[in-house]
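For the protein sequence lines, the chains are A and B, in the order given.
Residue numbers for the first sequence follow the UniProt record's numbering, beginning at 1 and rising by one.
Residue numbers for the second sequence follow the UniProt record's numbering, beginning at 1 and rising by one.
Keep in mind that the hints were calculated from the coordinates and are not lab data.
Since we're looking at a predicted model, the values are computed, not measured.
For glycine and all other residues, C-beta sits at the position ideal for the given N, C-alpha and C.
Take these hints with a grain of salt, some might be off.
[Stated by the list, open to error] In silico lysine-lysine, BS3-like type, Cα no more than 30 Å apart, as pairs:
{"hint": "1", "chain 1": "B", "residue 1": "107", "chain 2": "B", "residue 2": "150"}
{"hint": "2", "chain 1": "B", "residue 1": "150", "chain 2": "A", "residue 2": "7"}
{"hint": "3", "chain 1": "A", "residue 1": "8", "chain 2": "B", "residue 2": "150"}
{"hint": "4", "chain 1": "B", "residue 1": "107", "chain 2": "A", "residue 2": "60"}
{"hint": "5", "chain 1": "B", "residue 1": "107", "chain 2": "B", "residue 2": "129"}
{"hint": "6", "chain 1": "B", "residue 1": "107", "chain 2": "A", "residue 2": "8"}
{"hint": "7", "chain 1": "B", "residue 1": "129", "chain 2": "B", "residue 2": "25"}
{"hint": "8", "chain 1": "B", "residue 1": "25", "chain 2": "A", "residue 2": "7"}
{"hint": "9", "chain 1": "B", "residue 1": "25", "chain 2": "A", "residue 2": "60"}
[Said to hold, decoys possible] Label-pair ranges, simulated between beta-carbon atoms:
{"hint": "10", "chain 1": "B", "residue 1": "116", "chain 2": "A", "residue 2": "180", "range": "30 to 36 Å"}
{"hint": "11", "chain 1": "A", "residue 1": "8", "chain 2": "B", "residue 2": "199", "range": "29 to 35 Å"}
{"hint": "12", "chain 1": "B", "residue 1": "108", "chain 2": "A", "residue 2": "87", "range": "22 to 28 Å"}
{"hint": "13", "chain 1": "B", "residue 1": "87", "chain 2": "A", "residue 2": "55", "range": "23 to 29 Å"}
{"hint": "14", "chain 1": "B", "residue 1": "64", "chain 2": "A", "residue 2": "45", "range": "53 to 59 Å"}
{"hint": "15", "chain 1": "B", "residue 1": "37", "chain 2": "A", "residue 2": "216", "range": "40 to 46 Å"}
{"hint": "16", "chain 1": "A", "residue 1": "30", "chain 2": "B", "residue 2": "174", "range": "42 to 48 Å"}
{"hint": "17", "chain 1": "A", "residue 1": "45", "chain 2": "B", "residue 2": "107", "range": "46 to 52 Å"}
{"hint": "18", "chain 1": "A", "residue 1": "46", "chain 2": "B", "residue 2": "116", "range": "52 to 58 Å"}
{"hint": "19", "chain 1": "B", "residue 1": "55", "chain 2": "A", "residue 2": "42", "range": "54 to 60 Å"}
[What the hints assert, rightly or not] Residues of chain B placed beyond 10 Å of chain A at every Cβ, according to the derived structure:
{"hint": "20", "residue": "61"}
{"hint": "21", "residue": "74"}
{"hint": "22", "residue": "177"}
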Amino acid sequence: MKVMGYKKSSLLQLLVLVIRRDLVLAMRRRADVLTTLVFFVIVVSLFPLGVGPELGMLRKMAPGVLWVAALLASMLSLGRLFSADYQDGTLEQMMLAPQSLSMLVLGKMIAHWMVSGLPLVLMAPVLGLQFDMSAQPLGVLIIGLLLGTPILSMIGAIGAALTLGLRGGGVLLSLLVLPLCIPVLIFGTGAVEAISSGLSVASHLSLLGALLVLSLVFTPLVTAQALRISME
Amino acid sequence: MLEVSNLACSRGDHRLFYGLSFSLKPGQIMQLQGENGSGKTTLLRALCGFMMPDEGEVLWRSENIRHLGEDYCSEILYLGHLNAIKDELSAVENLCISAGLSGFVLKENDAIAALRHMGLRGREALPAKVLSQGQRRRVALARLMVSDAKLWILDEPLTALDVGAVALIQGLIAEHLENQGMVIFTTHQPFRVAGMEMHSLSLS
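One chain only, chain A, in its complex shape (with noise of 0.2 Å):
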């Protein structure tokens, strides 16, 4: 017997597929999601209590502090990235996908993203008022986490992909990707800057969009080279 009531897929059918794959189960695994949060959260209100109640130096810090902490946020989920469908096998029936694996693997940075980077992004302003933040500077913020999280996922991804296997690979990982994240780093921290003494903020923003849209394109073509690398 043969079930043949099936057609063809196209290729934006295969990248929502593979999103709302990876979204159902984060949703059925849900402490993975809520570590990354908390945790952000957690490191984000030690600083006011740590420094104590001095508004101006709390201001002051408030893009850094908020930006390191989503970039170490975004690093603890990346080790599950492909790890998890490399333990059980679907990583090699994703590899022999009739479409580019490159596809595959955007579709999961972009689930990854949604599931850590966009609840941090939705996080932001609760914690940028325990920095005594004013509603412009919070506002450039939050676009600059928006256009800044999606790269982070996606240059993490090339890092998971070439630490795929490896035992102690989490640390090798942070490794490779933290340095990697510094222009992020520097164009979302001097976006906040900019506004809060009184400069335009166009040209941090659009590098940081700039930076997405590189990352955008090349990105799943190397992770979905260093795959290939990862699983001979």
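Position chain B against the provided structure of chain A, taking the given hints into account.
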């Protein structure tokens, strides 16, 4: 259709096999034989294109699979040691996603029909983590029913299966061969497909 010429593979410094040549035509089935560690899985992975052979090449319709890339992928179905099944998803979801990854939109009703044929009636909506080893293998093997791949590459498809399931697989393989499909597989169990000549290749 599938031709392997002068293939050599190694794992680390250890050379598993060399000078391996064979071909497989539509309607033929081949069983790989050899002790544990003789390179059966490595050969199957090389046939899938997961690993570069040290020497030699694998040809599909007289073209190297390295150059065919995704066109070759759409014509093969690989089932490895790992089931590629997610614990958190139900049998139906698992099958629909597997089909999706191999480029097909599979309707839920069709997935249920396939799973029932595989003897999983009543288990379709359970999360895979509550299924037994054999049942999980059956979910993985249900992919054979919803694929139109020409070449099946099966690595120990019979592990954890009971007698009834083995008979089911025999039936699926026989049907596939009648439709001019090809199968290459490994197993340590006695396995025959009625009315079909079994080619065998011994690795040592």
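Starting from the range 22 to 28 Å, see whether the pair residue 108(B) and residue 87(A) falls in it by beta-carbon distance.
holds, 27 Å
Just want to verify: residue 61(B) was marked as not at the interface with chain A; is every Cβ pair farther apart than 10 Å?
holds, 15 Å
For the hint 23 to 29 Å, verify it against the beta carbon of residue 87(B) and that of residue 55(A).
For residue 55(A) against residue 87(B), whose Cβ atoms are near 49 Å apart, the range 23 to 29 Å is violated.
Given a hinted range of 42 to 48 Å, is it respected by the beta-carbon distance of residue 30(A) and residue 174(B)?
The hinted range 42 to 48 Å holds for residue 30(A) and residue 174(B), with Cβ atoms some 45 Å apart.
30 to 36 Å as the expected CB spacing between residue 180(A) and residue 116(B), which holds or is violated
violated, 50 Å
Range agreement (Cβ of residue 45(A) with Cβ of residue 64(B), hint 53 to 59 Å):
Given range 53 to 59 Å: holds, Cβ gap about 58 Å.
Is the Cα-Cα distance between residue 107(B) and residue 60(A) 30 Å or less?
violated, 56 Å
Lying within 40 to 46 Å: is that true of the beta-carbon distance residue 37(B) to residue 216(A)?
holds, 44 Å
For the pair we were handed, residue 107(B) and residue 150(B), check the Cα-Cα distance against 30 Å.
Measuring from Cα to Cα gives roughly 22 Å; hence the hint holds.
For a C-alpha distance cap of 30 Å, please report whether residue 150(B) and residue 7(A) respect it.
holds, 17 Å
Checking one constraint from the list: CA of residue 8(A) to CA of residue 150(B), max 30 Å. Satisfied?
holds, 16 Å
Could you check that no beta carbon of chain A comes within 10 Å of the beta carbon of residue 177(B)?
Check passes; 13 Å lies beyond 10 Å.
Violated hints, in rising order: 4, 7, 9, 10, 13, 21; the structure is consistent with all others.
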